[in-house]
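Chemist: As you go down the protein sequences, you meet chains D and Z in turn. Using the UniProt record's numbering, read the first sequence as starting at 1 and increasing by one per residue. Using the UniProt record's numbering, read the second sequence as starting at 1 and increasing by one per residue.
Because the hints were derived from the structure by calculation, they are not lab data. Cβ atoms here follow ideal geometry from the backbone N, Cα and C, with glycine treated the same way. Any given hint could turn out to be false.
FRET-style restraints, in silico, Cβ to Cβ [stated by the list, open to error]:
no., chain 1, residue 1, chain 2, residue 2, range
1, Z, Gly-161, D, Ala-217, 23 to 33 Å
2, Z, Leu-17, D, Leu-103, 34 to 44 Å
3, Z, Leu-258, D, Leu-86, 44 to 54 Å
4, D, Ile-215, Z, Ala-169, 36 to 46 Å
5, Z, Ser-55, D, Asp-177, 29 to 39 Å
Now the stretches of chain D that chain Z is said to cover, found in silico as 3 or more residues with beta-carbon under 8 Å [unchecked claim]:
no., region
6, 286-295
7, 302-309
Sample of chain Z residues facing chain D (criterion: CB under 8 Å; computed from the structure) [stated by the list, open to error]:
no., residue
8, Arg-99
9, Met-113
10, Val-152
11, Leu-258
12, Tyr-262
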Amino acid sequence: MSHTTRVPHRRPAPDHSGAAGAAPAAPPPARRRPSSQQWAAWAFLTPVTLYLVLFYAYPLYRNIDLSLRNYTVRSFVQGDAPFTGLQNYRTVFDDPTFAPALLHTVVFTAVCLVFQYAIGLALAVFFNQHFRLSATLRALFLVPWLLPLIVSASTWSWMLNSDSGIVNAVLHAVGVDPVNWLTSPSWSLISVIIANIWIGVPFNLVVLYSGLQSIPAGLYEAAALDGAGPWRRFWSITFPLLRPVSAITLLLGLVYTLKVFDIIWIMTKGGPAESSTTFATWSYQLGFGNLLPAFGPGAAVGNLLVVAALVFGLVYARVQRKQALS
Amino acid sequence: MSRSGKRTWGKTTVGVLLTGIMLFPVYWMLNVSLTRDQDMRKSPPDLFPVHATLSGYRTVLEEQLPYLGTSLVIGLGTVALTVVLSAPAGYALAKLRPRGGGVLGFVLLAAQMIPGIIMAMGFYAIYLQLGMLQSVPGLIVADSTLAVPFAVLIFTAFMSGIPGELLQAAKTDGAGPWRTFRSIVLPMSRNAVVTVSLFAFLWSWSDFIFASTLVNGGAHEPITLGIYHYIGNNNQEWNAIMATAVVASLPATVILVLAQRYVAAGVTAGAVKD
Numbered sequence: 001m002s003h004t005t006r007v008p009h010r011r012p013a014p015d016h017s018g019a020a021g022a023a024p025a026a027p028p029p030a031r032r033r034p035s036s037q038q039w040a041a042w043a044f045l046t047p048v049t050l051y052l053v054l055f056y057a058y059p060l061y062r063n064i065d066l067s068l069r070n071y072t073v074r075s076f077v078q079g080d081a082p083f084t085g086l087q088n089y090r091t092v093f094d095d096p097t098f099a100p101a102l103l104h105t106v107v108f109t110a111v112c113l114v115f116q117y118a119i120g121l122a123l124a125v126f127f128n129q130h131f132r133l134s135a136t137l138r139a140l141f142l143v144p145w146l147l148p149l150i151v152s153a154s155t156w157s158w159m160l161n162s163d164s165g166i167v168n169a170v171l172h173a174v175g176v177d178p179v180n181w182l183t184s185p186s187w188s189l190i191s192v193i194i195a196n197i198w199i200g201v202p203f204n205l206v207v208l209y210s211g212l213q214s215i216p217a218g219l220y221e222a223a224a225l226d227g228a229g230p231w232r233r234f235w236s237i238t239f240p241l242l243r244p245v246s247a248i249t250l251l252l253g254l255v256y257t258l259k260v261f262d263i264i265w266i267m268t269k270g271g272p273a274e275s276s277t278t279f280a281t282w283s284y285q286l287g288f289g290n291l292l293p294a295f296g297p298g299a300a301v302g303n304l305l306v307v308a309a310l311v312f313g314l315v316y317a318r319v320q321r322k323q324a325l326s
Numbered sequence: 001m002s003r004s005g006k007r008t009w010g011k012t013t014v015g016v017l018l019t020g021i022m023l024f025p026v027y028w029m030l031n032v033s034l035t036r037d038q039d040m041r042k043s044p045p046d047l048f049p050v051h052a053t054l055s056g057y058r059t060v061l062e063e064q065l066p067y068l069g070t071s072l073v074i075g076l077g078t079v080a081l082t083v084v085l086s087a088p089a090g091y092a093l094a095k096l097r098p099r100g101g102g103v104l105g106f107v108l109l110a111a112q113m114i115p116g117i118i119m120a121m122g123f124y125a126i127y128l129q130l131g132m133l134q135s136v137p138g139l140i141v142a143d144s145t146l147a148v149p150f151a152v153l154i155f156t157a158f159m160s161g162i163p164g165e166l167l168q169a170a171k172t173d174g175a176g177p178w179r180t181f182r183s184i185v186l187p188m189s190r191n192a193v194v195t196v197s198l199f200a201f202l203w204s205w206s207d208f209i210f211a212s213t214l215v216n217g218g219a220h221e222p223i224t225l226g227i228y229h230y231i232g233n234n235n236q237e238w239n240a241i242m243a244t245a246v247v248a249s250l251p252a253t254v255i256l257v258l259a260q261r262y263v264a265a266g267v268t269a270g271a272v273k274d
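So that you can see chain Z by itself, here it is in the shape it has in the complex (with noise of 0.2 Å):
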């Protein structure tokens, strides 16, 4: 027994400096948004934050306050409107089996190879006739297509395993298919709920390649084109790009602590059966 302990010490040394290595990216965000700037060419730069300063964050609450809230706003509508198309559609193919229903599945499965780039610029057409550009609706819903499919496959997934006898004696108490759906089945796919909004937010907060096109310009952007605008304008602030990105991160950061199982749940239930 003793030595097998040893042995699983040895591994969990290797697996410490394994991710270490892996996360020396994010570390070193942090270390440059801590940096102060008559250090930021220093060659070889500091390995820790010995001078540490928040004047990079300072600067991030002076200019980047809107575009956090930007997101924010972005983030939630999305989420609402994912949850709100997709719930439904995932009781329908996981329990009243739908005429179709197969080919509606394979739809949403195709959906996602699209690449972003055509759906950017579809959307850009459509919404340049309608004078839809730099509007921050116009952004949720460009946004809810990098989650739809997804929330469908999640909640048919999750709801076809609500045990049918549920359903049946719901209905035989009277109740028609959307009190069931309304006071049973969504109420048990919370975790699904949970899921999909996660991936949601997480989605539309990061999302660069619709904000670049949709709302450039625009009097509303989100945090990736404040922090994209930084970089572009040839800004010598690495702290202050680099404070920015580590709060631009904060929403991952929150998810992974809070709700890891719901991310590793997520990310298997795309890919594998079961």
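For reference, chain D alone in the conformation it holds in the complex (with noise of 0.2 Å):
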């Protein structure tokens, strides 16, 4: 296996590596004398550092090229296509879909954060309390996370079908008309935001459960003996000495949040009528959901989450830093 995948990226190495960071890999000899330890340690570096080249560098590399000419299929195997600078941008930008896409991400993750943090926090503090069964529990938790995207989204669907779905059975039980879950333009964003959030909570609930552990338990039985309540000691001491870890939380939520795609396109595929298009759903819809694929504008669709996500992890990096360091 490591053979036959590390063999063929041998040859295009010098002219990239430079572009990777990984200047400081191979001085010349003569000039920095680097010790034997460095070259073994580039030398075990070596492979991962071709592959992020090979591998992330030059698909991200494509994609910008994408977005600037204008690709049809035939120019894209022949590999012609006209350079045409910003105009796929600008064809996105007076995209009357533009807008609507731009509300649906933001509402999207503005929402799912929200939630997914507020529920996994509330889990995580009950899940602390360590009764009887709740390490099994708290495992049980996990199961929405480690389900494939395409599970979770599939049984959604089922469960929120107009007709059949077991949601709206219950909605009758007790009275309510029959929603529209998935085919109604005013609540199909709805449904994907919360098939989301049931996703999202365990990975909120494992990492704020996590940041709980390192409370020191003294702090609550001193509050408890200065006659602090529970829901004073969790305002007073959980939550300020959580929010390291509710930033990393947050920020790691943000930008995975921003990424998704697979939920909304296989319960709603961003419809109906754009009602549930988010940047994820409709970059791919412009480059490989209709007959005739639009790659340069999905690219420059693309691109702008791109940016949006290096903005976020940017500050998520810095974050992450000031606390290794703190």
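Given two chains presented individually in distinct reference frames, assemble the corresponding complex, making use of the accompanying hints.
Modeler: So this is what it looks like as structure tokens:
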């Protein structure tokens, strides 16, 4: 395995390795005289560096290239698509889908984050009380997170089915009119948000729970002696001391939620009438969802998403480094 | 003591209830997978599989086995590729202090943030030119991008904990870096290998976006596409769809039962220092 995949990587390495921040890897031996450990270290890092260049940097570069040219299926194969500058981005900005897609992306991300975090935190505090079976039950909470997204999405699709879904059956039993969860433009976004919250809660629970573990129990005992009730203890001990972990959880959640694609695509395909289209599904729709693919605009939408993800990624890296130092 | 004992049981009851609510969709998937064809459109649906049938699972055996086999091959391939690439890198970053290692660590962190759709489109453009669309090795390489950055971070974190004196002793005995890695570091990192392998397998098994862009319509499609085609054909046999979903969930279930501590370790190691 390692041989067949590694050998072909060797050739293009010299022209690329500088681009991936690997420049110090192979300095001219005369100038710097790297110790033998340096050579060994980079010998161990070479496979993964080449891999990053070939399978991260190059696809990303191709994606930028796609967004700057007027690609058709024919020119895709022949590689002679004319350079059109920012034309694809202009097309995307002027598209009537742009504003709704932006709005849906923001709403989807914000609502999912708030609920995932709040539910995850409440559950983490609850499970932190160490009652009988608490470890087992906490483990079971991981199930939604481990299931393949297509499994969760199709299960939710059937549960939310207008005619035969269990959700409408329950609503009917309590006297509420059936809701067209997936087929009505006013409900589709809410439906995919519900499904995505369900998937995201376990991650928040596990990370916040591990954060709670590091809060010294003595603090709670002291506060209890001073007469602070559970509510008071939560707001003056748990919540402030959990802030670093909360920041990390929310930032990671933000980056992950921005790029959610599978759930929305499988449940609604971004519809009906683009009522649940986000940047991720719109990009896919443009590139792969139509008979006539629009790779250029699709890549342009995707690149906007990358910029957003990287901005928040940088914030995340900064926060994490700051916490590591303190 | 007895008072607090009673209170724990109260909490346990609440906990069981909450877990039940959380896992209801999973139960419902099982329930629907056992439903007879004629009961599929029943209103209200049966809450329990009173007329349980395995016909949905028979359909899985008849139609989905090749997809499951492909997914297995792709999952194992992804695991092998991921471990081979990232274990040495983790060792170097943790113990050999390479110049530029910090930059590489940052690149790995950033790589995890790139949305799948972007990677898929880039891979599609490249594979189209290379004629590698609809190929299993191509999908393995693409799927490994889901796991490699995470794997390097896990290995780095884990191998940092190996005592330096041990490596120093090996060096004194004349072992080179490769020898040290192979006979000391790697055997000691078994837990990290397990964690990485579990996640790499699970992610490639669950991958939908690379599969649907890179191997759609090919001779060998993974199980995620099998389910997707099922739904897409406007299929009304939801018992068969849900039965496939249950079977597709088996790896996740097995992993949770057998290796839960590795899973929790992986989730937190990715997010929280220590």
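Chemist: Next step is simple, just say for each hint if it's right about the structure.
Modeler: Hints and how they fare:
| no. | hint | verdict |
| --- | --- | --- |
| 1 | Z/Gly-161 to D/Ala-217: 23 to 33 Å | holds, 25 Å |
| 2 | Z/Leu-17 to D/Leu-103: 34 to 44 Å | holds, 37 Å |
| 3 | Z/Leu-258 to D/Leu-86: 44 to 54 Å | holds, 52 Å |
| 4 | D/Ile-215 to Z/Ala-169: 36 to 46 Å | holds, 38 Å |
| 5 | Z/Ser-55 to D/Asp-177: 29 to 39 Å | holds, 34 Å |
| 6 | 286-295 | holds (count 3) |
| 7 | 302-309 | holds (count 5) |
| 8 | Arg-99 | holds, 4 Å |
| 9 | Met-113 | holds, 4 Å |
| 10 | Val-152 | holds, 6 Å |
| 11 | Leu-258 | violated, 12 Å |
| 12 | Tyr-262 | violated, 12 Å |
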